[in-house]
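K.L.:
The residues making up each chain are set out below.
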Amino acid sequence: MLEIDDLHVTVGDREILHDINLQIGDGETHVLLGPNGSGKSSLLMTIMGFANFVVTSGTIRFNGEDITGLPVHERASRGLGIMFQRPPTISGLKLGKLLEVTSGDHSKEVQEYALYMHMDKFLERDVNKGFSGGEIKRSEVLQLLVQNPSFVMLDEPESGVDLENISLIGHAIEKLLQKDIHLKSRKKSGLVITHTGYILDYLDADRGHVMCDGEIKCHGNPREILKDIQARGYRECMECQQT
Amino acid sequence: MPADLKKNPELSPEDRERIAQSGIDMISMGTKCGVYFQMNQEVVQAACHEEGIEVLSIGDALKKYPYLEKYIWNLVPKDKDEYTRYVAEVQEPKGYVIIARKGTSNILPIQACLYLGREQIQHVHNIIIAEEGAELHIISGCASGRHVGRGGAHYGISEFYVGKNAKISFTMIHTWGEEIDVFPRSAARVEENGVFLSNYVCMQPVHKIQMYPTAQLVGKNAVARFSSIVIGYPGSLLDLGSRAILAAPGTSAELITRAITRGGTIISRGHIRGETEGTRGHLECKGLILKDGTIYAIPEIEGVVVGTELSHEAAVGKIAREEIEYLMARGLDEETATATIIRGFLDVKIEGLPPALQKQIDTAVDAAEKGF
Ligand SMILES: Nc1ncnc2c1ncn2[C@@H]1O[C@H](COP(=O)(O)OP(=O)(O)OP(=O)(O)O)[C@@H](O)[C@H]1O
Ligand SMILES: [Mg+2]
Numbered sequence: 001m002l003e004i005d006d007l008h009v010t011v012g013d014r015e016i017l018h019d020i021n022l023q024i025g026d027g028e029t030h031v032l033l034g035p036n037g038s039g040k041s042s043l044l045m046t047i048m049g050f051a052n053f054v055v056t057s058g059t060i061r062f063n064g065e066d067i068t069g070l071p072v073h074e075r076a077s078r079g080l081g082i083m084f085q086r087p088p089t090i091s092g093l094k095l096g097k098l099l100e101v102t103s104g105d106h107s108k109e110v111q112e113y114a115l116y117m118h119m120d121k122f123l124e125r126d127v128n129k130g131f132s133g134g135e136i137k138r139s140e141v142l143q144l145l146v147q148n149p150s151f152v153m154l155d156e157p158e159s160g161v162d163l164e165n166i167s168l169i170g171h172a173i174e175k176l177l178q179k180d181i182h183l184k185s186r187k188k189s190g191l192v193i194t195h196t197g198y199i200l201d202y203l204d205a206d207r208g209h210v211m212c213d214g215e216i217k218c219h220g221n222p223r224e225i226l227k228d229i230q231a232r233g234y235r236e237c238m239e240c241q242q243t
Numbered sequence: 001m002p003a004d005l006k007k008n009p010e011l012s013p014e015d016r017e018r019i020a021q022s023g024i025d026m027i028s029m030g031t032k033c034g035v036y037f038q039m040n041q042e043v044v045q046a047a048c049h050e051e052g053i054e055v056l057s058i059g060d061a062l063k064k065y066p067y068l069e070k071y072i073w074n075l076v077p078k079d080k081d082e083y084t085r086y087v088a089e090v091q092e093p094k095g096y097v098i099i100a101r102k103g104t105s106n107i108l109p110i111q112a113c114l115y116l117g118r119e120q121i122q123h124v125h126n127i128i129i130a131e132e133g134a135e136l137h138i139i140s141g142c143a144s145g146r147h148v149g150r151g152g153a154h155y156g157i158s159e160f161y162v163g164k165n166a167k168i169s170f171t172m173i174h175t176w177g178e179e180i181d182v183f184p185r186s187a188a189r190v191e192e193n194g195v196f197l198s199n200y201v202c203m204q205p206v207h208k209i210q211m212y213p214t215a216q217l218v219g220k221n222a223v224a225r226f227s228s229i230v231i232g233y234p235g236s237l238l239d240l241g242s243r244a245i246l247a248a249p250g251t252s253a254e255l256i257t258r259a260i261t262r263g264g265t266i267i268s269r270g271h272i273r274g275e276t277e278g279t280r281g282h283l284e285c286k287g288l289i290l291k292d293g294t295i296y297a298i299p300e301i302e303g304v305v306v307g308t309e310l311s312h313e314a315a316v317g318k319i320a321r322e323e324i325e326y327l328m329a330r331g332l333d334e335e336t337a338t339a340t341i342i343r344g345f346l347d348v349k350i351e352g353l354p355p356a357l358q359k360q361i362d363t364a365v366d367a368a369e370k371g372f
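Protein chains in written order, with the numbering used here: chain P, 1 to 243; chain E, 1 to 372.
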């Protein structure tokens, strides 16, 4: 579904991603791990096409099509969706209004998802304005449920979320990634950033990648990688030669 | 008086549309609560069916109630400037007088429409009185034909009297043509526990508007709230301000402006003066520059005693790229994303306004959205 080849990305004058290679097949969910500031969010933002992240070489393909130069909304319309780690506040714009515009006025569906995410009381509030950490996550997941992308990028969906809400968000993500239907007919794929791995209880990720200093240093079974990191930190990863 | 405005042959469908954009519902005019319709200098209609509320032309009103003499040129000085002097010198003053008697209230707003159809000076002098405990809602739609050329101008004097425990909401929506000059001169006097809400919406191109309405809060706990939502276009000069004088204990004022320029100049002034202790005032101006225009925010707060609390907040900028891209990531193209953010920016909900009036404001703002 997603195929990244030899990707280099700069922000300002600084190269922050170096020679990224990544393939994610139909129905697969991958996990992206790595220390703070290593470039995980930057990779997601680059895949989504934000202007700050300039691709200096390499390609991003989606379902066989080269999307490296496509504007953000065209990527969205092809099925890419992202949950932001730190979304902007939009003063005056009501969350309900935003969902109405993005859903093409499927108000019944919006209402149902809002109730499901316990966000029905937030529809009349300005987008992200004064939302708590956990509320931001729920709002992001709600927006993705309404958008219903086929490739779902999640940036630390569980960080700062209490246990009850982790389960709520976890179940919503299961739904987003069609984990509730059989492997063979599952079409949706995902790339999920996590530090804690709690979200893996809901995801059953297929593969894990570790990013250090803007490079993907190793690939493997996500639970094993996580166990390693929990036991020994990222030091070994940093020293690891890319395989 | 021609009762049937609907068939007025002088109004083209386009002009009717512009009047409708100014919040005036010509279909129901005259059948709903109250109406004043002035075309150029001719008073077409002045009537009100609501018990205890009168809508009169100023000529008729002065004949009927000689005591009104002392309400005229009382809050706005005759010799304030060349525009007030001009209006003071005309032989036959035009404009409306609206009086809400003690304890009355109207749910459906009174519709006052001032329409300018040719190159001339339209002048009005309006007196609005809410007696003790009355609640009065007015929508004032000011429009001109799109093609009225240079020389078309509107001078409007308005004097508002908000009695004890009374409330006036005055919502003015401007739909002038690109060549028109507009000089409203308004002032309000608010007594104990009185509330004055002044809402101003200008979403269409105009040549020049200059105004600086003042509310004097003279009774204990009186409240004034000015809200303005304006867009400047290339060639437009909008010089807008509002002022509140907190002259009695417990009075408070809020002055809120949302300004967008797509090429014109907007000067957003504001002044709150705290003269008594136990008073509060806040001034807020947010501006967006979409295309090369100018927004000049001049907020002034002036406290002259211990115990007045005044604040202001002014910000001028552009839409953050980050916000546009956030919405684009949800599937909106750049134009729609921008328009959606701007619509939110302009969304000022006014406390204490009847839903019908809020809806008129929302509609006027929506009409401009297509152009972003
Ligand atoms: N817009 C930007 N301007 C300047 N530097 C940036 C920008 N965006 C990212 N960076 C830098 O790129 C590097 C990678 O940042 P990124 O947000 O991708 O890290 P991350 O792996 O997601 O970290 P965390 O786990 O803390 O979220 C950091 O050094 C960061 O400061
Ligand atoms: Mg990050």
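Rather than coming from a laboratory, the hints here were simulated on the basis of the structure. Treat the hints loosely; a few may be bogus.
Simulated pairs of lysine-lysine, BS3-like, Cα-Cα distance not exceeding 30 Å [to be verified]: (1) E/Lys-349 to P/Lys-97; (2) P/Lys-129 to E/Lys-63; (3) E/Lys-349 to P/Lys-129; (4) P/Lys-227 to P/Lys-108.
Predicted model only: the values in this text are computed from it and were never measured.
K.L.:
A separate judgement is required for each hint: does it hold in the structure or not?
P.N.:
Outcome of the hint check:
{"no.": "1", "hint": "E/Lys-349 to P/Lys-97", "result": "holds (15 Å)"}
{"no.": "2", "hint": "P/Lys-129 to E/Lys-63", "result": "violated (56 Å)"}
{"no.": "3", "hint": "E/Lys-349 to P/Lys-129", "result": "holds (16 Å)"}
{"no.": "4", "hint": "P/Lys-227 to P/Lys-108", "result": "violated (43 Å)"}
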